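Taken in order, these protein sequences are the chains called A and B. Numbered as in the UniProt record's numbering, the first sequence ends at 772 without a single skipped number. Numbered as in the UniProt record's numbering, the second sequence ends at 187 without a single skipped number.
Source of the hints: derived by calculation from the structure; they are not laboratory data.
Straight-line C-alpha distance at most 25 Å; calculated SDA-like pairs for lysine to any residue: (1) A:Lys342 - B:Gly165; (2) B:Lys63 - A:Gln489; (3) B:Lys120 - A:Arg546; (4) B:Lys63 - A:Leu598; (5) B:Lys63 - A:Asp488; (6) A:Lys342 - B:Thr170; (7) B:Lys63 - A:Thr328; (8) B:Lys120 - B:Ala151.
Predicted model only: the values in this text are computed from it and were never measured.
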Amino acid sequence: MLSLLSVFSLPLTATAQTCQLHVAGVVTDEAGQVLPAATVRLEGTSISTMADNNGHYYLAGLCSGAYHLVVTYLGFEPATHSLTLAASTELPVVLRPLEGTLGEVTATGQRAYDTPLMQQSSVELHELALTRGQTLAEALQRVPGLRTIQTGPSIVKPVIHGMHSNRVLIYNAGVRQEGQQWGSEHAPEVDPFVASRLTVVKGAASVMYGSDAVGGVILVEPDALDYRPGLRGRIESVLMSNNGLGALSATAEGARPQGLLGYRVQLSTRQAANARVPGYHLKNTGFQEYNGSATLGFAKNAFAAELYASTFNSQLGIFEGAHIGNTTDLLAAIARSEPLVKGDFSYAIGRPYQLIGHHLVRAAAHYELPRLGKLHLRYSYQRNNREEYDLVRQAYEHEYQLRFNLTTQALDAYLDHRPLGGLRGKVGVSAQHQQNYYDGRYLIPFFTNRSLGAFATERWSRGHLELEAGARYDARHMQARLREVPTDQRSPEIRPQFSYGQLTGTVGAAYQLSAGWRLSAGAARGWRPPSINELFSQGVHHGSARFEQGDRNLREESTLNLYGGVTKKSERLSGELNVYHNRLNNYIYLRPGTEAVLTVRGAFLAYHYVQVDAALYGTDATASYRVADWLTATASYSAVRAYNRETGRHLELIPADRTAAAVRLTLPTWRGLADNTLSLRVEHTARQWRVRDDQDFAPPPAAYTLCHLDASTEAHLLGRPVALSLSVYNLFNTTYRDYLNAFRYFAPEVGRNVALRLTVPFGQSPAASSTP
Amino acid sequence: MIFAFSRPASLLAPVVLALGLLGSCSKDETPLPAVRENELITSLRLKFVNQASPTDVRLATWKDLDGQGGNPPVIDAITLPANAVYTLTVDAVLNETSTTSEDVTPEIVREATNHLFVYKPTGAPLTVVVTDKDSQGLPFGLQARATTAGAGNGSLRVILRHQVGTKDGTETPGSTDFDTTFPVTIR
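Isolated chain A (complex conformation):
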């Protein structure tokens, strides 16, 4: 299981709590002047913190072993201290100024300014270790306010505060992920094994991340390259009982002896058979995935450059019982309690299935400009290839019915400028070019997108107060190419053009009170242009028996996101209470029509993409209390409400309220097994009763309660720490359906799943293992 305490820890400083030792000290310059907000991290781990306003840092929960402590602060040489930890240690750190910068540095915090001052949560490496083998969205599921929207057991997408798909941006290794993300059955093409940390920015963050950041942003962050010489790495393996999943990831990294060149290579695979719901298997729900990434870095003095490439290849079976021909078939499937066709335990994948490839190359460089700050340049090229193989009568083995091919290039440049009297920030520009082709069945047309954006965002801090403000302008020009009547070969080609643009802004404030309390509040705008399917859909959506009709006159959707919260972090009690309100204008959604479209397969209800004014608001609350050194109890609650502001009616596909409670036990070392934890989590999801009968083909499923169990330990094998964990999801094999699963009409959710995970480090870095 995830390390619960850490899941609910404060966004900016998540530290491991698995062992008992600590390192603490004061960061000063050579004159003894304290340096507040210096970044202190343990190299090769995800453990880091920021020194407080008095220069104090404190890293707790460390296991004994050897570490490299790295302290960085803008304008100063980074300092590295090697230490072998056997007992808790005091370690003062003195930093030397970078040449030629003395006198220009102000005593202002300089943690890399890479996320806005908004509601956010991170899943750190030691928690991620307990989600290995799962999809990106599943790994994020225990972040407060995050849920998933699914199409059967294999296609899972993240939902932030009730929004998903084209309202959630994913940044994979610093690059804005561009696939066919508008489709709720198009899962993110991201390998979570790449990440050493996942950060979720909740709320409209268009100023820093551009268009489409309406609901929030997910940052998939690989570790920074490690320039220590030598070769090291880890092998992570996962086995799961429910669907016979086997996952393997191998990472190797190192650097040339001089330390100028660093590299990392990572390969992973996931293979799964048919998923099992209580009583039977779901036919054709297996998947296969082959991924890899490579990084090459060069760093010298003020200059650093990095080349990164990754490939993601997946074949995803789609539950055969969800293949329907028309509305009658759908209603008949809903009326059945079990699908007519059941599967057995098999790794075979037949039609219908998806074949997805996503390939990325990124070149990035940054240069420390004297007096100005750090200039970043980034170019990326991505190619997304999606092929869909339907269950059709004339199914030739390798013939797809539909293929999309989307190529995206982006160029970003920004300056992380030097602090100016307590003010630090970023100014930058970004440009993107995108080209889409398709082949086979018409769903969306060819299109070319050109986008440009410019932004500036600044943060000012003094004493306990932090203020932030930013602004951005984005413009997009799109040209589509299609036949006037897309299904008629003889129809003439047309090239409609569209221009969209929006000015966005953000303001935020945070105030640090005594005893670990922190208040924050702000307002932010987000926007997105209508997505291609919203403009051009025209046809029956497979699996949902609806005729979807796009509208070429749709305008930009925008949101004003107001948020506020209080967080608390102390020795015993930690937690947060956040509220948010999104006022959405021109919210685009698929409204069920009243007329039927008569086709040769029968009549389908016509759904139209329309724009309304809407409001989405809600709360996330978590509290974690350390009852004793060995026992922590946690409770959390999240709720979101969504209304059409014009009619006052509830919107469709909004997650139901969820309440969870967990206890986590830290057990003493036993027979060489250290770092032993056991946790039990109970999770109750209410029924989404706000949906009216005319909003769905079937009433929303009943409420359900699930129990999950996690146990983890660390053994020493040949002098290396080997992490071993056992997780049981859906402990009591409960049969339930979830409202946000598109296949709720056809089958229940998966039953009990036991996962066994083993992580073995290798090479010259005993401290660099991932500690669960």
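With chain A fixed as given, assemble chain B onto it according to the hints.
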């Protein structure tokens, strides 16, 4: 496969990008793909042959040439005399979206063990009984016997079920290939 769409232009990435951003309309002349609806069926023709007088042949067509959406389908009415027995055949199942019309019927016959025609008369005094069987001895339904009683109006629904590996002689398994309704007049 993955790079099948690869065009030299995309390799000149930065150039294209720079040009593109300057607003110049780089002409993309990749031809639009041919319209390809999956096994689309646009037309269906029923043939009624009077068993008492074989020269009495009646045809009824259900036709939607522009596929889903667009113009509504054109549907012929079926008119039959009262108290008669007809041999009913699904005469043609066509895909007429392309310039040459394609008859899907032979393919359905070839895969008879995966298909079932279902007839559902409502309102009119008409009964339809499937008379043919596939190689497994299960009803197929390309041929049927239509018997009329007194005069009346109603409709006849003709459904083709696609039942790969699941055919059991009933309508329940599988998915729907077509589901068409003809108005029926018996006088």
